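Fit chain H to the given chain D structure using the hints.
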Amino acid sequence: MEEGRSEVAGVDDLAKALEHTPGGGVILTSIDAIADWARGYSLWMMPMGTACCAMELIAASFSKFDFDRHGSIPRPDPRHTDVMVVAGTITHKMAPAVKRLWAQMPDPKWCIAMGNCAISGGIFYYDTYSVVRGVDEFLPVDIYIAGCPPRPESLQDAILRLREKVRAESISPSRVRAVEGVLPLPGDPLRGESAAASEGSDV
Amino acid sequence: MDIVELREHLCGQYPDLCPLFSIEFGDGVLLVGSDRLHAAARDLKDLGFDRLGMVTAVDFGEEFELVYRLQSREMRAGIFVKTRVPREEPRIDSVNDLWAAANWQEREVYDMFGIVFDGHPDLRRILLTDDWVGYPLRKDYENPTIIRRPDYL
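Just so you know, the protein sequences line up as chains D and H, in that order. Start counting the first sequence at 619; every next residue gets the next number (this note's numbering). Start counting the second sequence at 832; every next residue gets the next number (this note's numbering).
These aren't lab readings, by the way, just hints derived from the structure by calculation. Note that the structure is predicted; figures quoted are calculated from it, not measured. For every residue, glycine included, the Cβ atom is placed at its ideal position computed from N, Cα and C. Please note that a few of the clues may not be correct.
As the list claims (entries may be wrong) - Facing chain H, a subset of chain D residues (Cβ under 7 Å, in silico):
1) Lys-711
2) Tyr-744
3) Asp-745
4) Tyr-747
Here chain H stands alone, though its shape is the one from the complex:
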C-alpha cells in the first residue's frame, strides 16, 4: 500500500480525517472517540503503521487529550491519533498489546497525568518515586516545595 491508497482508505474509514491528511508530507491527524481508540489503533497497525513513536497527553482543563504518534516505515508516512478523556475519570484502553513500545510511554503518561490505561501489564510510576503524591504535568498541580520564579527574573 502506498500513501495515496492509504489516504483513500482512511478517507473511507474515517470521514473526519480526510481534510486533515496531507499527501505531500505523508502526515495526518486522526481524531477518534476514546471508546474507539483501540479499534482504530489495531486498524492502523494492520494498514502498516508498525511503529509507535510516542504517547503523550495534553491538559485541556475539563478533559485530557491523548496523542499517539504512529509511523510506517514502508509508506514513509506518519499519523497522529488523538482522543480525549474526561478529567473526572481518565481511563483509556492500553495499546501495549499492539506495540510493546507503549509500555513505558503509557507509564510516563500515567506518571505525569494520572491517566489510567486499562489492560496495561505494569502500570506504575516510571520517573517519579513510587510514593509521589499528585500528577505534576496537570495544570492544577500544587507542591509546597516549588519555589516560584519572581517577576524580576
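So here's chain D without its partners, still in its complex pose:
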C-alpha cells in the first residue's frame, strides 16, 4: 500500500491491495481504515433545503451532476443520513426544527453550510429581525460553501473535501490521524493538538 496512507482509498485500491496480498483472499487493514472508507464513500445527505440553494442541491442529485456516483444520496429521513446540508436561509422559527433534525441523525455526522445564508445570514445579515446569522450559531459546521447560490460543482467539492476530513477521523475519539490536505481546526479538542502531534506518524 501507499506509504503514509494506510487506509483503503477506494474500490480500485482495494482491488490492488487484494492482488498484492499473498493468497489473494485476505486483506490486512485497520478497523479505522475500513470504517473511514465505508463512511467516506457513503455520505448520505440530509437535504435541509429552505431556500434557493435547495434548487442547486436538487440539481446535484439529478443526472447532470449525479451525486450518486460519490455515494451521496439524499434521504428524507434524518435517521438514514450522515451529513446535513443546510441549503438556505434559516429563520429563528425554523432553527429549532433544524436542531431537532440534527439531533435525530445518528453519529457520526457532519454538517455542510451551503450558501451565504447558511454561512452568515447572507443578504439577510443587516436590518433583519427573523434570520439566524449562520447555522454555526447552533450547529457544528464542517464545510462552508460560499455562493449565492453555489453551483453544484461547489457542493461536489465540499463532498470530496468532507471525505478527506472523514478519513482523518478515527472510530475511537482519542485517536485522530492527520491526513494531507486537512488542517487541524483550532479550538477543537478532538482535532487540534492531537492531530498536530500525530502528524507524520501513521497511527
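Just chain H now, kept in the frame of chain D:
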C-alpha cells in the same frame, strides 16, 4: 352583471368611489370607514367579487390602513377596498365568514401589525414564533438583535 353595470351600481352605492373606478382596466379603489367595512365587503361579494386576493396593511403613523384586494372572475374586474383604523386601538371586523382565504391573510396582518380582527376563528401568529414580542412591520418596531446596515454599504 358586466363591468359597466358594476360601475353604475358602485357609483350609486358609494359616491366617493366613482372617480376612482377605471372601466378600461376593470379596477377600482373603494375607501370605506372601518365600521362599514364588513357591510361593504358583503355587498361586494353579492355583486360577484368571489375571490379575496390578499389582505395587507400599511403603517401611516397615527393610523393603519388595511388593504383588501377583491377579484371577480365573471366580470374580470378587481377592486381594492381600503379602510383605516387608529393606532391606539387597531380593531376591525374579520371577513373570514365571507372568504375563507381571509383566515391566514388576516393572521399575517395580525402577526406583522398587531391589528385585531374581531370574529376571526383562530387569531394567532402565523409566521413568527408564538412568544414573539412586538410587531415587526410597524415603523416603530425595535429589536436589539437587528444589526443596522452601515452607511458605506
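Supplied contact hint for Tyr-744/D, tested at 7 Å Cβ to chain H: Nearest chain H Cβ about 4 Å off; hint holds.
Lys-711/D as chain H interface residue, shortest Cβ-Cβ below 7 Å: Hint holds; Lys-711/D Cβ to chain H Cβ min 5 Å, cut 7 Å.
Cut-off 7 Å, beta-carbon criterion: hint that Asp-745/D touches chain H: holds (5 Å)
Supplied contact hint for Tyr-747/D, tested at 7 Å Cβ to chain H: holds (5 Å)
Against the hints set out earlier in the document, no violation occurs for any number.
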